[in-house]
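Chain by chain, the residues run as shown.
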Amino acid sequence: MNKANIIGAGPILAILATAAVLYALYAVFFVAPIEATMGFVQKIFYFHVGSAINMMLAFALCGVAGLVFLVTERAGSRVSRVVDAIGVATAEVGVTLGAIVLVTGPLWARKAWGTWWTWEPRLTLSLMIFLLFLAYLALRAFAGSDRFGRGVAAGLAVIGLPALYFIHFAVQRWGGAHPQVVYKGGLNVPGMKLAFFASVLAMSLVSVALIVIRARQELNNRRLDDLFLSLDAGEGT
Amino acid sequence: MTTSNRIRHALRTVASALFAVAVLADPLVALAQETGTAETWKTARNTVQGDTLVVAAYMAMWFIIGVYVLSLASKQKVQDREIRELEKQLDDHSAK
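Read top to bottom, the protein sequences are chains A and B.
This note's numbering applies: residue 2 is where the first sequence begins, and numbers increase by one.
This note's numbering applies: residue 64 is where the second sequence begins, and numbers increase by one.
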């Protein structure tokens, strides 16, 4: 599949994502049984975890894209344009998913823990990484097409990579009240398992579709810049 | 020990020191261990709790995604129009 085909895959992915989301919602509310201790509120977790996993993957991809951008940018190669577009797209989608995680998590915690928020390791690190990539987007918005600004933003994304490692291992290393049901093998009820994996798959497809569409827009922004320059040069002659 | 293992070990040590006091002092850790919700989920008979919170969570989630999708769609519309106009101007200019 060439690049044009990958970019054109956005609408197909969007249709697939919509179908997967509808199936996941059906599985969460009509297949998965109600959990004994937490009750109905546990149903928040299916999409909360799906969003959290994809947020981490999006931020990780943004960090890697930032690293590749810093390496390839000086040569002014075509690769740096593509990874730059991927960087912006993954950061934006990651922040969107992060907002979902940070809104749905406290709503669950209010019932399960009796508090909206606690400075537990995974929560604290998730908030930190969310703010870091929010800063990345703010920097990109102010930098515009400035090379230096893009480079600093890419550096910021690379700094986020170790933090992602800590979020993943936070509960195992330092405890905390965050559930580790999947890692500890406690997700044994078939209906719950189906709802969980359907939600993760649905959110993955939503994320990929949004990243592809946003990356395409970023590449088109560069195309617009080129067109302006060509027109400007043409009028100058 | 390889360099990557040394870096990993150093990062873990620093972060452990940062969080150890906060986590050990957290009463929620004891609550999670007591109820067992941190390690396993079981099926209930007929309990329905926190339905308002579930509705709020799902509405908030789709609101956030909806706003983002709409912003992408409007951006796309403006961008497509700008590209069309510029290409037309460039064609007109080269025709002259």
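No lab work stands behind these hints: they were computed from the structure.
Errors might be hidden in some of the hints.
What the hints assert, rightly or not - Partner residues are not named here, just some residues of chain A that face chain B (Cβ under 7 Å, in silico):
no., residue
1, Thr-38
2, Gly-40
3, Val-42
4, Val-72
5, Thr-73
6, Ile-101
7, Leu-103
8, Ala-142
9, Ser-146
10, Ala-178
11, Asn-221
12, Arg-223
13, Leu-230
14, Ser-231
What the hints assert, rightly or not - Negatives, chain A to chain B, calculated, CB over 10 Å:
no., residue
15, Tyr-27
16, Val-182
17, Leu-225
What the hints assert, rightly or not - So the derived label-pair ranges between C-beta atoms look like this:
no., chain 1, residue 1, chain 2, residue 2, range
18, B, Gly-129, A, Ser-146, 26 to 32 Å
19, B, His-72, A, Tyr-24, 30 to 36 Å
20, A, Arg-174, B, Ala-136, 39 to 45 Å
21, B, Ala-80, A, Ala-144, 34 to 40 Å
22, A, Arg-111, B, Val-130, 20 to 26 Å
23, A, Trp-117, B, Val-130, 20 to 26 Å
24, B, Val-77, A, Ala-136, 41 to 47 Å
25, B, Ala-158, A, Phe-198, 55 to 61 Å
26, A, Tyr-27, B, Arg-147, 18 to 24 Å
27, B, Asp-143, A, Thr-38, 37 to 43 Å
Keep in mind the model is a prediction, meaning the values are calculated, not measured.
Built from N, CA and C at the ideal position, the CB exists for glycine as well.
| request: Look at the Cβ atoms of B:Ala-80 and A:Ala-144 and judge whether their distance stays inside 34 to 40 Å. | output: 35 Å Cβ-Cβ, so the 34 to 40 Å window holds.
| Given hint A:Gly-40 near chain B, where the shortest CB pair must fall under 7 Å | holds (3 Å)
| query | Is the hint on A:Arg-223 kept, meaning its closest Cβ partner in chain B is under 7 Å away? | reply | Check failed: Cβ of A:Arg-223 comes no nearer than 11 Å to chain B, outside 7 Å.
| query | Hint check: is the beta carbon of A:Ser-231 less than 7 Å from a beta carbon of chain B? | reply | holds (6 Å)
| field | Claimed clearance of chain B by A:Tyr-27, with the beta carbon kept past 10 Å | value | holds (13 Å)
| query | Given A:Asn-221 was flagged as interface, is its beta-carbon under 7 Å from a beta-carbon of chain B? | reply | holds (5 Å)
| Taking 7 Å as the limit, does the beta-carbon of A:Leu-230 come near enough to a beta-carbon in chain B? | Cβ of A:Leu-230 sits 10 Å from chain B, so the hint is violated.
| said: Holds or violated: the hint that A:Ser-146 contacts chain B, with Cβ atoms closer than 7 Å. | reply: violated (15 Å)
| field | Assessment of proposed distance window 18 to 24 Å (beta carbons of A:Tyr-27, B:Arg-147) | value | This hint is violated: roughly 41 Å between Cβ atoms.
| message | Please check whether B:His-72 and A:Tyr-24 have a Cβ separation lying inside 30 to 36 Å. | response | At 43 Å between Cβs, range violated.
| message | For A:Leu-225, is the shortest CB-to-CB distance to chain B above 10 Å, so the non-interface label stands? | response | violated (6 Å)
| said: Tell me if the interface restraint on A:Ala-178 is satisfied: Cβ within less than 7 Å of some Cβ in chain B. | reply: holds (4 Å)
In this structure, the hints that do not hold are numbers 4, 5, 7, 8, 9, 12, 13, 16, 17, 19, 24, 26, 27, in rising order.
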